Every structure is written in structure tokens, then in C-alpha cells.
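Student: Spelled out from the first residue to the last, the chains are:
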Amino acid sequence: MTTAANNPAIEAAGLRKSFGEKKVLDGIDLTVPQGTVFSLLGPNGAGKTTAVRILSTLVAADGGRARVAGRDVVAEAQAVRGAIGVTGQFSAVDGLITGEENMLLMADLHHLSRREGRRIAGELLERFALAEAAKKPAATYSGGMRRRLDLAMTLVGRPQVIFLDEPTTGLDPRSRQTVWDIVRDLVFEGATVFLTTQYLGEADELADRIAVLHGGRIAAEGSAEELKRLVPGGYVRLRFTDQDACRGAAVALGEVAADSEALSLRIPSDGSQRALRSLLARLDSAGVEADELTVHTPDLDDVFFALTGDSTPPAPPTPPAQPDQPTRQGRHTEAAR
Amino acid sequence: MSALSLAARDAYTMLRRNLLHARRYPSLTLNLLLTPIMLLLLFVYIFGDVMSAGLGGGGADRSAYIAYIVPGILLMTIGGTVVGAAVSVATDMTEGIVARFRTLAIHRGSVLIGHVVGSVLQSVLSVVLVGALAVAIGFRSADASALEWLAAAGLLVLFATALTWIAVGMGLASPNAEAASNMAMPLVLLPLISSAFIPADTMPGWFQPIAEYQPFTPAIETLRGLLLGTGIGDDGWLAVLWCVGLAGLGYLWSTALFNRERG
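First to last, the sequence lines map onto chains S and X. With UniProt numbering, the residue at position 302 of the first sequence is 302, and numbering never jumps. With UniProt numbering, the residue at position 260 of the second sequence is 260, and numbering never jumps.
Simulated from the structure, these hints should not be mistaken for laboratory data. If you're wondering where the values come from, they're calculated on a predicted model, not measured in any experiment. All residues carry an ideal CB built from backbone N, CA and C; glycine is no exception. A portion of the hints provided could be inaccurate.
[As the list claims (entries may be wrong)] Stretches of chain S that chain X covers, calculated by requiring three or more beta carbons in the stretch to come under 8 Å of a beta carbon on chain X:
| id | stretch |
| --- | --- |
| 1 | 75 to 82 |
| 2 | 87 to 101 |
| 3 | 267 to 276 |
| 4 | 282 to 294 |
[Claimed, not checked] Pairwise CB distance ranges (calculated):
| id | chain 1 | residue 1 | chain 2 | residue 2 | range |
| --- | --- | --- | --- | --- | --- |
| 5 | S | Glu-189 | X | Met-38 | 57 to 65 Å |
| 6 | S | Gly-122 | X | Pro-175 | 33 to 41 Å |
| 7 | S | Asn-44 | X | Leu-6 | 37 to 45 Å |
| 8 | S | Gly-95 | X | Met-38 | 28 to 36 Å |
| 9 | S | Gly-170 | X | Ala-136 | 49 to 57 Å |
| 10 | S | Gly-122 | X | Leu-147 | 45 to 53 Å |
| 11 | X | Ile-210 | S | Arg-119 | 37 to 45 Å |
| 12 | S | Gly-95 | X | Leu-6 | 25 to 33 Å |
| 13 | S | Gly-95 | X | Val-128 | 26 to 34 Å |
| 14 | X | Asn-31 | S | Gly-143 | 26 to 34 Å |
| 15 | X | Met-38 | S | Gly-122 | 26 to 34 Å |
| 16 | S | Gly-14 | X | Trp-237 | 52 to 60 Å |
Could you build all of it, start to finish, from the sequences and the hints given here?
Tutor: So, in C-alpha cells, the structure goes:
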């Protein structure tokens, strides 16, 4: 069961899967190094769950190959199962029995001794703040508690590779934060995490590498920073109180995108101190004063919209932990491929 | 550990889970016991005199009629109990927990084996309870030997195993618990059109084949023969064949359904 340290934790080439006429995955290549967080990002129905189900041996791909923890997901499925932990999108706890019984059930299924099972179950229940509720039926748990129990059950076998399919969907911000902390801990302890999410902020927060899944293909892959570089850079937006000032500034600054109705200018800029100082100096020398100045750096939202050419936001009404950023009205729609 | 002992260990773990469910939520099992108990009391105390009058050609003899219907009632108890297996399998499949089991390095069949063994044990318990009630209201075996008792017990377990595998298949084929319960209804209704309450040869001629060519009638006749000393004839072999056939069919059907991919 030794995996060479430099072998990727997950390796997939040309994964294809259709359900009837519907092509869900149309040639997916993935490489996830050990000890990293990989995030598969995409809107509902993009095929994220199907990818997880193939990699976790639940369904067979129509084409392509995949290795997880150095084993082939089809030919060596049982060995792969021994190395992975999966938390699906839908709660995989037994609601009829207590949280503790759920944990002990997992310990038994991992063939741990009674003592070892009790020790690990107790430890994880404690760590996931479930010790108090341990003797209550899981069906009585809140959504956040169920999710935590679900994760705790996944960790009983000390998996090397952990699949989390939309682990924070439907959770309140505090529970979401807890899940994020858990993911960071797991990676710190050496596990590899494969995470799907529809929240751009979540991928930005957690993932070492992000792949954007669109139309059954990987539209782009890289670190959050690399992805952000894919869209045109940031800009400074200047707003003016009157038409003359706006026009004056436009003349002073040369080639800029002007929106005369909104009395605003958009100046390409990396948002650095130097760039801002030179911009302000040019405005000063032209004798115009801007009413408001905002700096916009591209975020994953921009990347996502640019890559998918989709104008509807993939995130639900309350996306998690959006960093303070200018509103989305300055989005570069022309950046779509 | 060898593959076989690992498989046994996983199946035992699953069995414990199912028994825990049954112990924690006994209402389903107990509800399923109501039908055979009600029918036993109804047929003995309400219909008993009339039924028994038509039975032996002689006068009304309620105790003879108790003896006649108890084997059928016991097998009907099994038919009722396995409905619970169909329901709990269907419920299990709608929960994410089974998807989790599929991603573990455990013996694949252990989930189903746990259900089957659990349901057979519940059937045995139910048969003991209903049997005790039957004895309490006057059922006595006609000097069955120890071997005959053993054979009767073996037949009941075999029958329970056969019906459970079929019920598990029904549970897997159903989208939810309600559908599973409906699909398994024939297992409760079949004894009503068997020789459980009246001899098959007293039924209308066109109906007799329906009563004869189904699993309950030979099993009931065999049980009757073992406990009451009536003739068994070909029914013994027929009962065993039915059981083995149904168990094999149910097993193949269930494992095929369980291993199919759920998109």
C-alpha cells in the first residue's frame, strides 16, 4: 500500500460519462498532488458530482482512466476504497441511530478493534463538537451537526484522499467556517482533499488549485492567482459629479473607457500604489477632481463568468465570505472567449 | 484475516445495525404482527364454529380448527414480517448511508446479507410470539417427535429466508418505503388464497390451481404434516423446491439491483 511520495494523489485522463443522451463529462484531465486541496468549481449540473462518483468508484466512466492513491479506480476499486473517504452532497449518516453509534459503525466497517474504534470515535466526536449530542439519534441533529457528523464518519478510516462534494452547501456561515477549518487541518495532517463547490469564495479560500468545469470540460485550471490572470487586469473607476469634469479627465488620461451617462471612467490599472499616484498626478495636473475612486482587482467571479460566458451568477443569493470588493457592475463581459 | 472472515465480519456489522434499528423502532415489526394475530383470533373465535363445521364433515369443533389454521398463520406471520424487510431496504436505499457503504473497502454483499439475516431473525421471533399465542388459546401438536419439531423449525427458517430475499429485491426495486410496502403486499395476501384457512380441494374447481401452485400451500401442508401428523406426500419436496427456488431467484434479483449503478 505504499505510494511513492511524488505520485499524484489523483490522476485522471480523458474521463467521459454520459447519462442517456446527456453528455455530463466530455474528456476531463486532472492531476492532484498529494497533500493539496483541489477544487472543482462549477454551477449546478456541471458534472462535479459525476466526477466525484467516478473517482470514488461509485460509477464507472464511459471512457478514460483514473488513478486514486496510485490505484486504478476500476481494476483496483477495492484498494482505492481503502484509501479514500467520501462525503457526498447528501447526508450519509444513519438517522435512526445515535451519532456515536454511527461512528462506531464506521469503525467496525474499517475493521478497527473495539478499543481503537471507541478511541477514534470519541476523539472525532470531540473534535467536531458533537460529544454532547453523541447519544442522541442523528435524525434530531441540525443541518450543520449532520454535516459535521458526516465528515467525522468519513475520517474514521484515516483516508489519504478525501472527496468532499459541496460540503458547505446549505450551511450557515458559522458551520461553513467550521468545515473550512477542518479541511485546512486535514491538509495540514497530510491528506489530499478533492472539493467540489459552486462558491467561488470557497475555492479561493481553500484550494491550492482550481479547475472550472463547464459544459463537461475543464474550462481552465490553475491556482486562484493564475486564474485571475486569465481575465483582463483590474481597473480604477473614477466617478464625477459633472459632465465637464468627466470629459476633462478623459482627455487628460487618453485612451480610457468612458461611460458618459454614469459620469464615470474606467482606467486599466493593476491597482498598485505607484499606478494610483501617477493617475492622481495626471488628474491634478489637468485640474480635474474625481468625486469617487474605486479600485477593482479581478476576482474568481470575473474568471468564472469570463470562462463560462454565463451571465447568471452561479452562487446563491448569499455567497460566502465575499471579500470587500467593488460591485459587479464593472464586470468585463467582453472578456468572454 | 481471510476474505471470507472479513466478509462475515462486515455482514455481522450490518446485521447489528439492522437489529439496532429493529430494537430502537419496534413499532414496524409489531404492526406487522397484528395481521396474523388478528386473523388467528378472528378465525378461531368469530368464524371458528362455522369453519370447523365445514372442515371435517362432523360437528363444530373449535380445537380441531385451531390446529388446522395455526400452520398457515405461522407462515403468514413470516409473510408479514418480511414486508418490514422490503420497507427497511427501500428506506436504506433512499438514504445517503448506502452510498457511503459503497465507497468503503467492505464486502459488497454485506449490506444485503445484514438485512436478510436480520429479517430472518425477526421472522423467527415473530413466529415464536404468534406460536405462543396459538398455544395459549389451545393449539397442541399431535405428538410430533423431536425430529419433526426440528424439521418444522428448519422449514420455517428456510421459508423465511426465501421470502426475505424476494422482499429485499422488492425493496431495492421500489423508489421509496410506501412503494416497497405496496409491492410486498402479495406476500401477506397469498396465504389467504392458499390452504391456510380451508382445504384447497373444498375451493371452487377453477380456483384450486391458484391455491395449489403457490409457495404457501405446500409449505403449509408440510408444516401441518410435521406438527399434526397429517399426510405430507409430495408437499415436502415441493415446499423445499419453492423455498430454494425463491431464495435463489430473490438473491440473484437483489444482487443485480444492488450492483446496478444509480446515476
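Student: Find the hints from earlier in the document that the structure breaks and name them by number, from lowest to highest.
Tutor: 3, 4, 11 and 15
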